[in-house]
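K.L.:
Next come the chains, spelled out residue by residue.
2 protein chains.
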Amino acid sequence: MQRYFLKNKEGNNLIFFEQDLHHIKNVMRFRENDQIEAIWNEIIYLCKIDSISPFSLKVIKEEKTVKKNNVKLSVAVSLVQEQKFDLILQKLTELGIDNIIPIKTERSIIKIDEKKISKKYQRWQTICKEASEQSHRTNIPKINPIIKLKDLNKIDCELKLICSLDSKSKPLDEYLTKDIKEILFVIGPEGGLTDQEEKCLIDYGFKQTTLGKQILRVETAAIYVASIINYVYGG
Amino acid sequence: MQRYFLKNKEGNNLIFFEQDLHHIKNVMRFRENDQIEAIWNEIIYLCKIDSISPFSLKVIKEEKTVKKNNVKLSVAVSLVQEQKFDLILQKLTELGIDNIIPIKTERSIIKIDEKKISKKYQRWQTICKEASEQSHRTNIPKINPIIKLKDLNKIDCELKLICSLDSKSKPLDEYLTKDIKEILFVIGPEGGLTDQEEKCLIDYGFKQTTLGKQILRVETAAIYVASIINYVYGG
Numbered sequence: 050m051q052r053y054f055l056k057n058k059e060g061n062n063l064i065f066f067e068q069d070l071h072h073i074k075n076v077m078r079f080r081e082n083d084q085i086e087a088i089w090n091e092i093i094y095l096c097k098i099d100s101i102s103p104f105s106l107k108v109i110k111e112e113k114t115v116k117k118n119n120v121k122l123s124v125a126v127s128l129v130q131e132q133k134f135d136l137i138l139q140k141l142t143e144l145g146i147d148n149i150i151p152i153k154t155e156r157s158i159i160k161i162d163e164k165k166i167s168k169k170y171q172r173w174q175t176i177c178k179e180a181s182e183q184s185h186r187t188n189i190p191k192i193n194p195i196i197k198l199k200d201l202n203k204i205d206c207e208l209k210l211i212c213s214l215d216s217k218s219k220p221l222d223e224y225l226t227k228d229i230k231e232i233l234f235v236i237g238p239e240g241g242l243t244d245q246e247e248k249c250l251i252d253y254g255f256k257q258t259t260l261g262k263q264i265l266r267v268e269t270a271a272i273y274v275a276s277i278i279n280y281v282y283g284g
Numbered sequence: 050m051q052r053y054f055l056k057n058k059e060g061n062n063l064i065f066f067e068q069d070l071h072h073i074k075n076v077m078r079f080r081e082n083d084q085i086e087a088i089w090n091e092i093i094y095l096c097k098i099d100s101i102s103p104f105s106l107k108v109i110k111e112e113k114t115v116k117k118n119n120v121k122l123s124v125a126v127s128l129v130q131e132q133k134f135d136l137i138l139q140k141l142t143e144l145g146i147d148n149i150i151p152i153k154t155e156r157s158i159i160k161i162d163e164k165k166i167s168k169k170y171q172r173w174q175t176i177c178k179e180a181s182e183q184s185h186r187t188n189i190p191k192i193n194p195i196i197k198l199k200d201l202n203k204i205d206c207e208l209k210l211i212c213s214l215d216s217k218s219k220p221l222d223e224y225l226t227k228d229i230k231e232i233l234f235v236i237g238p239e240g241g242l243t244d245q246e247e248k249c250l251i252d253y254g255f256k257q258t259t260l261g262k263q264i265l266r267v268e269t270a271a272i273y274v275a276s277i278i279n280y281v282y283g284g
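Residue numbers (this note's numbering), protein chains in the order written: chain A, 50 to 284; chain B, 50 to 284.
Everything labelled a hint here was simulated from the structure, so no lab data went into it.
Mixed in with the good hints, there may be bad ones.
Treat identical chains as interchangeable: a pair holds within one or across any two.
[Said to hold, decoys possible] Computed list of lysine-lysine pairs in DSS-like fashion (alpha-carbon distance at most 30 Å, straight line):
1) Lys107 <-> Lys217
2) Lys165 <-> Lys219
3) Lys227 <-> Lys262
4) Lys74 <-> Lys58
5) Lys58 <-> Lys262
6) Lys169 <-> Lys133
7) Lys110 <-> Lys219
8) Lys262 <-> Lys107
9) Lys97 <-> Lys203
10) Lys113 <-> Lys133
11) Lys168 <-> Lys227
12) Lys230 <-> Lys107
13) Lys153 <-> Lys107
14) Lys97 <-> Lys256
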């Protein structure tokens, strides 16, 4: 069933985004009596289309379904080139992540043009909305403002981990105990965080963890982390 | 350290691929006395470059390092559009997979032009070689010939799993016991395997497993599976 997150809901009035109306009418070519799902506040409204133009529909069933991991997962990931960052957003959304925090690190090679930032956020939001619809989530992950690595001390979290190649790093499974409710991972850029950056995060209470024997690219590390959390806490 | 898989090794003579010699000379712009690593038969040869033109080098250390998962992992994945299949090859290589088996299924929308098949394989091999070098593997995963789904009965494996949305599917962790030495996953196309295809695989001894609550795209499912195996059997 095709699913759309609503722009708003006023009383019984379901308000769709313009691009979704376009998708319904011109891409999917839905007709009268076809059914679609609309999501608002984590509630799924099963709707039957009454009329395409003007567009109107009737809610025939409403259902609160919670499809969440048993842990709140945030991933702070170094800015990487656009195509890779888009992939990270899409895949982490599919895998049920809650928060994505883009970070600037010393070795991040990406410079964000401040003038284009709001347009970039819009694009990122669209990627997450569409991936949420496609994967049948009932909420959309939050994309936080871009921050500097050192501002990670402002984020409070029960378990804070750095994905590290340092030989003192412990395997991930030593940290992932069943009682944990909140995890924040930091994933550095290609070439890794600098020693100074890792030290700074350790001072903030972060712990170092390895992601196995291979050296993973930034986007692979991010998807790996979200996959493991889904596996361990998804039940 | 930059790493290259060799084309061949004759006695003490290390023979590089043409494109790697180009990479060494013109992309990385290595000079005399720079060091690189060459891999042959899972042995790492640390080399010092003696001369760029003509190219010659000296092995200064040789090391057998086994960086493998404790399980042999094969993934049979439905052919998907080129860009996504490339992503699957790259990421599964990084994550330490052993075998990739491209399969044709009823809902695979990709048609392979038989005339272009050998060129396609070359491209796929290059992707896996480069991802192996980048992630510091000491071997390259094997890409098997494209087969039809029903020919999966010819592949013998200790644990054979279908990634399925069927409600009778069991969670993955129920299958991943520590004693398993060999796993084969089948990942269907967008829209999934048909009921008949799943039934056929069940007749072949495959068991159905879920990959969590969300609906994952083909490439995400493949990366998810390789991540979990790396996590569970990587130690």
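K.L.:
Each of the hints needs a verdict: does it hold here or not?
P.N.:
Quick rundown of the hints versus the structure:
no.: 1; hint: Lys107 <-> Lys217; result: neither (59 Å within a copy, 33 Å between copies)
no.: 2; hint: Lys165 <-> Lys219; result: neither (40 Å within a copy, 46 Å between copies)
no.: 3; hint: Lys227 <-> Lys262; result: both (24 Å within a copy, 18 Å between copies)
no.: 4; hint: Lys74 <-> Lys58; result: within (20 Å within a copy, 62 Å between copies)
no.: 5; hint: Lys58 <-> Lys262; result: between (49 Å within a copy, 26 Å between copies)
no.: 6; hint: Lys169 <-> Lys133; result: both (14 Å within a copy, 24 Å between copies)
no.: 7; hint: Lys110 <-> Lys219; result: between (48 Å within a copy, 29 Å between copies)
no.: 8; hint: Lys262 <-> Lys107; result: between (54 Å within a copy, 28 Å between copies)
no.: 9; hint: Lys97 <-> Lys203; result: neither (46 Å within a copy, 47 Å between copies)
no.: 10; hint: Lys113 <-> Lys133; result: neither (34 Å within a copy, 33 Å between copies)
no.: 11; hint: Lys168 <-> Lys227; result: neither (40 Å within a copy, 48 Å between copies)
no.: 12; hint: Lys230 <-> Lys107; result: neither (39 Å within a copy, 54 Å between copies)
no.: 13; hint: Lys153 <-> Lys107; result: neither (46 Å within a copy, 41 Å between copies)
no.: 14; hint: Lys97 <-> Lys256; result: neither (51 Å within a copy, 37 Å between copies)
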